[in-house]
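Model the full assembly from the supplied sequences, consistent with the hints where possible.
Protein chains in written order, with our numbering: chain S, 110 to 499; chain B, 228 to 401; chain W, 84 to 451; chain Y, 7 to 241.
No wet-lab data here; the hints were simulated from the structure. Fair warning: there could be bad hints in the mix.
Said to hold, decoys possible - Quick list of in silico lysine to aspartate or glutamate cross-link-like pairs, DMTMM-like style, CA-CA up to 25 angstroms:
| no. | chain 1 | residue 1 | chain 2 | residue 2 |
| --- | --- | --- | --- | --- |
| 1 | Y | K23 | W | D312 |
| 2 | S | K273 | W | E263 |
| 3 | W | K323 | S | E498 |
| 4 | W | K270 | S | D434 |
| 5 | W | K252 | W | E130 |
Unchecked claim - Simulated coverage check for chain W against chain S, where a stretch passes if three residues somewhere in it have a Cβ under 8 angstroms from a Cβ of chain S:
| no. | region |
| --- | --- |
| 6 | 205 to 216 |
| 7 | 350 to 359 |
In this text, all values refer to a predicted model and were calculated from it rather than measured experimentally. Here a beta-carbon is modelled for each residue, glycine too, at the ideal position from N, C-alpha and C.
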Amino acid sequence: MIRAIEFYVDMIFVTAKAWILDLLSRFLPDWMVVLASITISGVVILCMGPIIMMYLTLLERKLIGRIQNRYGPNRVGKWGLLQPIADGIKMFTKEDIVPANADKIVHLLAPIVIVVPALMVFLVVPFGERMTAVNLNIGLLYFIAISSVTVLPIFMGSWASRNKYSLLGGMRTAAQMISYEIPMTLAVVPAIMMSQSLSTNTIVLAQAGDYDLHWFIFTPWGIVGFIVFFLCATAECNRPPFDLPEAESELVAGFHTEYSGMKFALFYMAEYMNTFTLCGIAATLFLGGWQGPFFPSWLWFFGKTFVLICVMIWFRGTFPRFRVDHLMGFAWKFLLPLTLVNILLTALWQFTSNLAAWFWSILVLGISLWTLVKLNRTFVPEKRHYPLES
Amino acid sequence: MPILEIAVKFGTYAVMAGILIFALGVVTLRNLFHCALCLAAALIGTAVIYVVLQAEYLAAIQILLYAGAVVTLIIFAIMLTEHLAETTIRQNNSQSPLAITGLLGLVALLTVLILRTPWPVTQTALKAKVSVMGLGKALMGTYAFPFEVISIILIAALIGTVVIAKKDDPEERL
Amino acid sequence: MLEINFGPQHPSTHGVFRMTVQLEGEKICGLKPVFGYLHRNHEQIAENLPYAAIMPYTDRLDYVNALANNFGYAITIEKLAGLDVPERAEYIRVIMAELARIVNHITVIGFMLNDLGAFFTPLLYAFRERERILDLFEEVTGSRLMNNYFRFGGVKRDLTDANLAAIRKIVTRFPAFLEEFENLLTKNEILCMRCQNIGILSAETATNAGITGPVLRASGVNYDIRKVDSYSIYNRFDFKVPLGQKGDVYDRYYVRILEIRESLKILDQALVKIPQGEIVNKKALPFLKMPRSFKPPVGEAYGRVESPKGELGFYVVSDGTPQPWRYHVRAPSLINLTVLEEMCLGQKIADAIIILGSIDIVLGETDR
Amino acid sequence: MTVFGWGVFKGMLVTFKNFATSYFRKPDEGGIFTVQYPEEREKTIENFRNFPFLVYDETPGKIRCVACGICERECPTKCIHIEMETDATGKPARRPAVFDIDYGLCMNCGMCEEVCPFDSIFMDHAFEVTAVPMSVNFNEVEIGTALTALDQKKTKVSAERAEGLVRHKEKLLKPNEYFQRIRPTLASAIDQKRKAAEEKKRAAMPLRHNAPDGPVPGRENADGQTQPSATQEPK
Chain S
110 MIRAIEFYVD
120 MIFVTAKAWI
130 LDLLSRFLPD
140 WMVVLASITI
150 SGVVILCMGP
160 IIMMYLTLLE
170 RKLIGRIQNR
180 YGPNRVGKWG
190 LLQPIADGIK
200 MFTKEDIVPA
210 NADKIVHLLA
220 PIVIVVPALM
230 VFLVVPFGER
240 MTAVNLNIGL
250 LYFIAISSVT
260 VLPIFMGSWA
270 SRNKYSLLGG
280 MRTAAQMISY
290 EIPMTLAVVP
300 AIMMSQSLST
310 NTIVLAQAGD
320 YDLHWFIFTP
330 WGIVGFIVFF
340 LCATAECNRP
350 PFDLPEAESE
360 LVAGFHTEYS
370 GMKFALFYMA
380 EYMNTFTLCG
390 IAATLFLGGW
400 QGPFFPSWLW
410 FFGKTFVLIC
420 VMIWFRGTFP
430 RFRVDHLMGF
440 AWKFLLPLTL
450 VNILLTALWQ
460 FTSNLAAWFW
470 SILVLGISLW
480 TLVKLNRTFV
490 PEKRHYPLES
Chain B
228 MPILEIAVKF
238 GTYAVMAGIL
248 IFALGVVTLR
258 NLFHCALCLA
268 AALIGTAVIY
278 VVLQAEYLAA
288 IQILLYAGAV
298 VTLIIFAIML
308 TEHLAETTIR
318 QNNSQSPLAI
328 TGLLGLVALL
338 TVLILRTPWP
348 VTQTALKAKV
358 SVMGLGKALM
368 GTYAFPFEVI
378 SIILIAALIG
388 TVVIAKKDDP
398 EERL
Chain W
84 MLEINFGPQH
94 PSTHGVFRMT
104 VQLEGEKICG
114 LKPVFGYLHR
124 NHEQIAENLP
134 YAAIMPYTDR
144 LDYVNALANN
154 FGYAITIEKL
164 AGLDVPERAE
174 YIRVIMAELA
184 RIVNHITVIG
194 FMLNDLGAFF
204 TPLLYAFRER
214 ERILDLFEEV
224 TGSRLMNNYF
234 RFGGVKRDLT
244 DANLAAIRKI
254 VTRFPAFLEE
264 FENLLTKNEI
274 LCMRCQNIGI
284 LSAETATNAG
294 ITGPVLRASG
304 VNYDIRKVDS
314 YSIYNRFDFK
324 VPLGQKGDVY
334 DRYYVRILEI
344 RESLKILDQA
354 LVKIPQGEIV
364 NKKALPFLKM
374 PRSFKPPVGE
384 AYGRVESPKG
394 ELGFYVVSDG
404 TPQPWRYHVR
414 APSLINLTVL
424 EEMCLGQKIA
434 DAIIILGSID
444 IVLGETDR
Chain Y
7 MTVFGWGVFK
17 GMLVTFKNFA
27 TSYFRKPDEG
37 GIFTVQYPEE
47 REKTIENFRN
57 FPFLVYDETP
67 GKIRCVACGI
77 CERECPTKCI
87 HIEMETDATG
97 KPARRPAVFD
107 IDYGLCMNCG
117 MCEEVCPFDS
127 IFMDHAFEVT
137 AVPMSVNFNE
147 VEIGTALTAL
157 DQKKTKVSAE
167 RAEGLVRHKE
177 KLLKPNEYFQ
187 RIRPTLASAI
197 DQKRKAAEEK
207 KRAAMPLRHN
217 APDGPVPGRE
227 NADGQTQPSA
237 TQEPK
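See the structure below:
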């Protein structure tokens, strides 16, 4: 009996859509029904994206408030729940200033072009059992391709606003985004190797198994891959400790210094949606997307992504910022070799038996970590002695 | 579902027209930065056409490589050499007669090529469904050797750039 | 060559301070500090006021800890007029000055971390502790920041037992907070990466440029005016002076934390040994009621005090009238700023901001 | 432990501890200490000093200030302005006719309180001071109507609006009970001192003529009626 209820609740969205479709098919020609199904999932994504973004901003301000022993916003609505709507209205009503000698078209285009890839990535994220919007068989490659395009609008934004600060911000973003894309792609390769396919759905299915010990994170290469992927994800969506591009203290607001009103809101929205999708993909790849013992599948997915987002917010509350050359050094000289070793490990993982494999891979990982730390002398803090004289 | 086919056909024609316009934009626009953006738009347009022809893998690679990497490289070049892009450069097409003869030759070659190929070639190509799996096996299997050679060349290029960069300011501790 | 103005309205210059920076990509190859935006004609106003009326103005010099300014001004005038200060008043002065030093150091570290990018967390932890000390200041002196508490020959109001108990509570609870603060920051790899070997100030250039305070001690020079002059009753307390070796941003950060620890030691000893007795010198009592009648003898005096930012000196020339003839303040922030360019050459922009934060300047004092 | 990520990890533990304990720790040992200002208010500390005010005994007529002008001279920012009152015969009565303090200039340093020999000027606790006249009181009247009241005022350029923050004698006068309420220790000490001075004077008084408690010269108006009190009782 419980299994039936569980199945019913799990499939609630899928059945809802099927029910709507067969309702429509009664009095619409069949090609119209196909169109309808596309529009339904499209509409769901288009309105789910901004809502997620709004309540992520609230979640972030509440969590960071609690870390700093203060309440988050609690004036608008019961616990500040209406705060995002208030922010939205503020963003709409704020005057939209375009700098005098900025080149208008590109200045207008940049926020639009940055939101499009952020929304397009939702296509591939598997929200639940059969709830991936489009089951592309190259799902993950599509995700990496789209996230590599986000560098372009940031450039457009920083170049069009003709402002020294945003120019510097733009340069830094490009350098950071490119140098963190490669470790991210390589961190994804082990998951693909083990699940023999690029489509996100099959990756999640590959992690199924009795009481969920088959998630990729429970393997040595899985842990390293997850950590590297998560760090690159924070760098990819410009969140601290990698938030160089819009470093308040140096570059005022980085590439979106000259934006105000709705355009700034779009930049903001793109950043938060990137955070959500990247955390979603991280959960799919390493934490077994919607696998979970009792609760419905979509609840598992949102729970895991929510936990990962809270970790990202936790990062924001704790760490100071990297400097540009440290950022580059960390990506090229630390993460990249680590991912290569990790890929080697997953290859070996296939052949040797379980226990020996664990021992060997931990050994190899330990040695490679030790050598990497030794090679990057700058990252290791020096010991300092402070004499106390009278 | 005939209407959908027609819609898709119209869509592709529109996209192709868009690509042509953007390609023209790349050549004619004064501001170098706008040219780079038109180039990006044209490349993404071709990716859309790949998707329409059910070659998603190629479309993803196209976006990843061209739109993600090549255009960013070009923009980097523009950003670093500010004084070049700052003033909108004037097109000095003084060698226009030479350019026109070259263009005519190219057009002739293309028309001959289009007329001679048997058009049903697209259907045959479609039947040979290129899947990611097949591509992977081919790379590792039959084309393993060229794959290795390319990787060596890439690494050589990488090291070359590092050496050149280092020559500029040697005291910069890498 | 890109010229950027870190203008007066920049989020991370501590107040209205401008740096015109010449950049090559990210590296700095020229930096010119521009200040004077907060000039309020402090010294000219002081020359038209009786001596006692200048005391509230000295609060506005280094507004992060007003008590150090009052201390300096009170010492100078007492040297000029030859007033000595009763025992209990001396102890109260030392206690309040050390509390103000703690407030200043944790605020500086908090703001420096803010420049580094730690999104207000260390700053708000520091503010949580600072609130308690400021409440005590409000209870004793009447206002949180603008204390106006010292008088010539003593202090304005006595420390009741309740105040002493509150101070003891703060002092006993402070090490726990410092422990938590250090756990969060000192061994943090990102902080070490960002702060070590950045903005190195060699001891020799520091002494030549006349730098004083934690910035000098972080470069390894043992010069603390509490030890050198041992003014007031500082020679009765045994406390150490922490020194750094490299003189970079990390040393300046850690020297300030050690100085907080030393101040806590002084506070412990002072709370134990504080005697009973009157709080204002008998001879100076009438001047409290009739400030006009306070006419110090003709002459000049230079009194200096170890403010948390460095050597804060007051130079007063009196011509026998109730108003000073010449009144000048030696501001440590101004002098520590002169060496900013020398430290920032060759560093990145992100470092210039932290180096500025680590010198700990307050614009009220620099521009006077 | 020199493991590479150890310092960073310890930092995260600290913030997590703060996050977790912020839910149940009490405000003063590191819990959340924010005070929701308009609704909750922290108890004002007795020794807190804000803008000065004048004290009068029972009725506004019996003002303690004798318009000696010492505070006017000693004020560092020169924000006090006093004019002595001259009674019918042109002889200066020892009472201020005009006593203005410009709250815009005053830096609440407390010098006037120290130098006043007649214990008549003290530092207040009221920090919610606005240029808009106190009559338009926002926290009672709902914002909408207060603004309309303000507009009527703007149409008729009222005297108060024009001067902004200058406070006249009527607004500065506050009863001794108010002084007792905001600064109990100081007020009681001063009252004892005044009562002792009163007894000493009365003990010296019978030597001249034994009118039991005739009008103390210069304290009371000739006909004993009080000045029309224009001061509103501050909320």
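Okay, the hints, checked on the actual structure:
1. A hinted pair counts as satisfied when its Cα atoms are at most 25 angstroms apart, and Y/K23 with W/D312 does not qualify at roughly 44 angstroms.
2. Straight-line distance between C-alpha atoms of S/K273 and W/E263 comes to about 39 angstroms, which puts the hinted pair past the 25 angstroms bound.
3. This hinted pair checks out: W/K323 and S/E498 have alpha carbons roughly 6 angstroms apart, not beyond 25 angstroms.
4. With a C-alpha separation of about 20 angstroms, the suggested pair W/K270 and S/D434 falls inside the 25 angstroms cut-off, and the hint holds.
5. For the proposed pair W/K252 and W/E130, the alpha carbon gap of about 42 angstroms is over 25 angstroms, so the pair is violated.
6. By the rule of at least three residues with a Cβ nearer than 8 angstroms to a Cβ of chain S, the coverage given for the region 205 to 216 of chain W holds, with 3 such residues.
7. Evaluation of the coverage hint for the region 350 to 359 of chain W: breached, as 0 residues show C-beta separations to chain S shorter than 8 angstroms, against a requirement of three.
Violated hints, in rising order: 1, 2, 5 and 7; the structure is consistent with all others.
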